[in-house]
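Visitor: Using the hints, position chain R against chain F.
Sequence lines, in order, name chains F and R. The numbers in my numbering rise by one with no breaks, and the one at position 137 of the first sequence is 1250. The numbers in my numbering rise by one with no breaks, and the one at position 48 of the second sequence is 802.
Hint data in this document are derived by calculation from the structure and do not stem from the laboratory. Every residue gets a Cβ at the ideal spot worked out from N, C-alpha and C, and that includes glycine. Keep in mind that a hint or two might mislead.
[To be verified] Straight-line Cα separation of at most 30 Å, DSSO-like style, residue types lysine-lysine; simulated pairs:
#	chain 1	residue 1	chain 2	residue 2
1	R	Lys792	F	Lys1281
2	R	Lys793	F	Lys1212
3	F	Lys1281	F	Lys1210
4	R	Lys1015	R	Lys1055
5	R	Lys999	R	Lys1117
6	R	Lys942	R	Lys1015
7	F	Lys1281	R	Lys942
8	F	Lys1281	R	Lys946
9	R	Lys793	F	Lys1281
10	R	Lys942	R	Lys793
11	R	Lys1024	R	Lys1055
12	R	Lys999	R	Lys989
13	R	Lys1136	R	Lys1102
14	R	Lys1024	R	Lys1121
15	R	Lys1121	F	Lys1212
16	R	Lys1131	R	Lys1117
17	R	Lys1055	R	Lys946
18	R	Lys1134	R	Lys1117
19	R	Lys792	F	Lys1210
20	R	Lys999	R	Lys946
21	R	Lys999	R	Lys1134
22	R	Lys989	F	Lys1281
23	F	Lys1281	F	Lys1212
24	R	Lys1121	R	Lys1102
25	R	Lys999	R	Lys1131
26	R	Lys1131	R	Lys1121
27	R	Lys793	R	Lys943
28	R	Lys1024	R	Lys1050
29	R	Lys1145	F	Lys1180
30	R	Lys999	R	Lys1015
31	R	Lys946	F	Lys1212
32	R	Lys1015	F	Lys1180
33	R	Lys1015	R	Lys1121
34	F	Lys1210	R	Lys793
35	R	Lys943	R	Lys999
36	F	Lys1180	R	Lys1054
37	R	Lys1024	R	Lys943
[To be verified] Label pairs and their computed distance ranges (CB to CB):
#	chain 1	residue 1	chain 2	residue 2	range
38	F	Glu1174	R	Lys1134	33 to 43 Å
39	F	Asn1222	R	Phe900	32 to 42 Å
40	R	Lys943	F	Leu1185	44 to 54 Å
Here is how the chains run, residue by residue.
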Amino acid sequence: MKKSEYMNPYLAGFLLGLLLLVTIFITGRGLGASGAFKSGVIATVNSVVPSHTANTHYYLEYFEEHKESPLLSWLVFEVIGVVIGAFASGLISNRVKLKLEHSPRITSNVRIAGALFGGLLFGLGSQLGRGCTSGSALSGMAVLSTGGIITMLAIFGGAYAFAYFFRKLWI
Amino acid sequence: MGPLVPDIIGNELNLVVALLIGIAFGFILEQAGFSTSKKLVGLFYGYDFTVLRVFFTAGITAMIGVIAFGHFGLLDLNLIFVNPTYIGSAVVGGLIMGLGFILGGFCPGTSVCAAATGKIDAMIFIAGSFLGVFIFAEGYIYLEDFYKSGFWGYPHMFETLGMSQSAFAVVMTVFAVLAFIVTTMIEKKVNKISDPNYYSPKRYLGIALATIFISFTAFLMPERQSDILSRASDKNVLNTFHPEKMTVDEFAFRIIDGDRKLNIVDLRSKEDFTQMSLPNSVNMNYENLFGKDAAKTFSKKNASYVIIANTEDEETKAAYIAREIGYENVYVLSDGMNGFRDNVINFKAPQNIGTRHESDLYKFREKASILIPEIIKENKNKGVQENKESKRALGGC
Chain F
1114 MKKSEYMNPY LAGFLLGLLL LVTIFITGRG LGASGAFKSG VIATVNSVVP
1164 SHTANTHYYL EYFEEHKESP LLSWLVFEVI GVVIGAFASG LISNRVKLKL
1214 EHSPRITSNV RIAGALFGGL LFGLGSQLGR GCTSGSALSG MAVLSTGGII
1264 TMLAIFGGAY AFAYFFRKLW I
Chain R
755 MGPLVPDIIG NELNLVVALL IGIAFGFILE QAGFSTSKKL VGLFYGYDFT
805 VLRVFFTAGI TAMIGVIAFG HFGLLDLNLI FVNPTYIGSA VVGGLIMGLG
855 FILGGFCPGT SVCAAATGKI DAMIFIAGSF LGVFIFAEGY IYLEDFYKSG
905 FWGYPHMFET LGMSQSAFAV VMTVFAVLAF IVTTMIEKKV NKISDPNYYS
955 PKRYLGIALA TIFISFTAFL MPERQSDILS RASDKNVLNT FHPEKMTVDE
1005 FAFRIIDGDR KLNIVDLRSK EDFTQMSLPN SVNMNYENLF GKDAAKTFSK
1055 KNASYVIIAN TEDEETKAAY IAREIGYENV YVLSDGMNGF RDNVINFKAP
1105 QNIGTRHESD LYKFREKASI LIPEIIKENK NKGVQENKES KRALGGC
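Isolated chain F, as found in the complex (with noise of 0.2 Å):
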């Protein structure tokens, strides 16, 4: 079977735009992501090492703060329904494939560090920003929030300055 094309992405865009606006209009709270590993680091340091987190200042903070199990938290679940909507989408248009993808200039072990190196950046960032790029920029530009706008200018901005610097990774 063929390959089938991507949506477009305006159309896309418009109907994440509503699942926003839904989104906001009935949990008072917009989409997110990073959170949702914020929890799962909290949720596995919290029951491979308890003696760790009940004398360590973050987790403390974190548990003064949210009362319930870390993992019963909105953005966990949303993000469990991330992954079966992605999936589900990628069965429909014939894109499940497990591959390591990168550029044929560079070899897998280059793609390997740079993606665990990124993500480990980005989620270093998201911690220190308050959010991602769903949780921060898209929410926060839809509610006007201006620490979301200025988040959103700075990881696109950042983005394109370094972008130069890595280009031999993509291009």
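Guide: Only chain R this time, still in chain F's reference frame:
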């Protein structure tokens, strides 16, 4: 009135909602092509601006939607999560994320989406993200000061820039449409496409103009609250507005009668309200009238609402606001609470009683002047109903 959580949709059902919203989110992201890093970083090298198109279209759509929902009173904008602004960490965090984007080729949401369709690089990116969050958590004691510095509160961008919300919405939309046009030209050049049908301008010109036109409707939807408040402060407007009045005697009678259909909206200060409040009353101010809590108060069936304040002028202003919002069966108390105090609570019958009618009235008022203070005392002993104020939703990552 939204948000529907936590009143209409409970916190547990909210998790089911989260799952459903997530499914739609993942589906749209994957359909848009966000499950491959090559497409995601395309905008930084000029060969594929899909991300920019999807992102800005979504942002503009949701933004105009939120403005419209707020204008038509469908959504209490004071209860939705607005990301706080910590200027230092917003900029530095954003730049770090930008670098992560270029190196890793994903952002958290898209990496989950890509991993779900089997991209190994996305799975590695997620592992890296977990590591990054862990490093942040462990290094938090060193980062905390910076993390919490430069707090500006929860401002909106248009306030920071000193523009009106409507003007800002139009500027954003025009900016987005211009970005779409310019990036398409860049894309054509970088990919050396000479096909004139490739994103043919003709096909999109209409949509672009329609989008800008729609954004101008933002001007027809001024921020509802400030718009109504400014009209309510205009003497000329209030002079032509004649709310239904309730006399102090009817008011007193219904209180003594224990009439549950009588709902009192008390505009006096919180201190006055705690000191002395009538049964079945809630404390509000002009701004609160727009909120979700007020919507709940004013939605009881077969009820009448009496607005009380020290003066009738203040009551009239609130009644005007209530009418503009669309609340019905709203009365103002004749002569305000000052009149109620003089003519009922502290009533002293004059020496010479004229007609029979006056004598009946004075008898009633004398009785009321004894009963009402007792009712107030009783109400106070029950503990003044603390206003159960709805809290702003928590969000963010």
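Visitor: Does each hint fit the structure? Answer for all of them.
Guide: Quick rundown of the hints versus the structure:
1. Lys792/R <-> Lys1281/F: Holds - the C-alpha atoms of Lys1281/F and Lys792/R are around 13 Å apart, at most 30 Å.
2. Lys793/R <-> Lys1212/F: Roughly 16 Å between the alpha carbons, so the hint for Lys793/R and Lys1212/F holds.
3. Lys1281/F <-> Lys1210/F: holds (25 Å)
4. Lys1015/R <-> Lys1055/R: The given pair, whose Cα atoms are some 9 Å apart, holds under the 30 Å limit.
5. Lys999/R <-> Lys1117/R: Distance of about 23 Å is within 30 Å: holds.
6. Lys942/R <-> Lys1015/R: violated (68 Å)
7. Lys1281/F <-> Lys942/R: holds (21 Å)
8. Lys1281/F <-> Lys946/R: holds (20 Å)
9. Lys793/R <-> Lys1281/F: holds (16 Å)
10. Lys942/R <-> Lys793/R: holds (15 Å)
11. Lys1024/R <-> Lys1055/R: holds (27 Å)
12. Lys999/R <-> Lys989/R: Distance of about 19 Å is within 30 Å: holds.
13. Lys1136/R <-> Lys1102/R: Roughly 29 Å separates the two Cα atoms, so the pair holds.
14. Lys1024/R <-> Lys1121/R: holds (29 Å)
15. Lys1121/R <-> Lys1212/F: violated (87 Å)
16. Lys1131/R <-> Lys1117/R: Holds. Lys1131/R to Lys1117/R sits at ~22 Å (cutoff 30 Å).
17. Lys1055/R <-> Lys946/R: The given pair, whose Cα atoms are some 67 Å apart, is violated under the 30 Å limit.
18. Lys1134/R <-> Lys1117/R: Satisfied, since the Cα-Cα distance of roughly 26 Å is no more than 30 Å.
19. Lys792/R <-> Lys1210/F: holds (16 Å)
20. Lys999/R <-> Lys946/R: Violated. Lys999/R to Lys946/R sits at ~75 Å, over the 30 Å cutoff.
21. Lys999/R <-> Lys1134/R: holds (27 Å)
22. Lys989/R <-> Lys1281/F: violated (68 Å)
23. Lys1281/F <-> Lys1212/F: holds (21 Å)
24. Lys1121/R <-> Lys1102/R: holds (11 Å)
25. Lys999/R <-> Lys1131/R: Holds, because 26 Å separates the two Cα atoms, which is no more than 30 Å.
26. Lys1131/R <-> Lys1121/R: Holds: Lys1131/R and Lys1121/R sit about 16 Å apart, inside 30 Å.
27. Lys793/R <-> Lys943/R: holds (17 Å)
28. Lys1024/R <-> Lys1050/R: holds (20 Å)
29. Lys1145/R <-> Lys1180/F: holds (17 Å)
30. Lys999/R <-> Lys1015/R: holds (16 Å)
31. Lys946/R <-> Lys1212/F: The hint holds at about 29 Å.
32. Lys1015/R <-> Lys1180/F: violated (39 Å)
33. Lys1015/R <-> Lys1121/R: holds (22 Å)
34. Lys1210/F <-> Lys793/R: holds (17 Å)
35. Lys943/R <-> Lys999/R: The hint is violated at about 71 Å.
36. Lys1180/F <-> Lys1054/R: violated (34 Å)
37. Lys1024/R <-> Lys943/R: violated (65 Å)
38. Glu1174/F <-> Lys1134/R: 33 to 43 Å: Taking Cβ atoms as reference, Glu1174/F and Lys1134/R lie about 40 Å apart, which means the hint holds.
39. Asn1222/F <-> Phe900/R: 32 to 42 Å: holds (34 Å)
40. Lys943/R <-> Leu1185/F: 44 to 54 Å: The hint (44 to 54 Å, Cβ to Cβ) holds, given that Lys943/R and Leu1185/F are roughly 50 Å apart.
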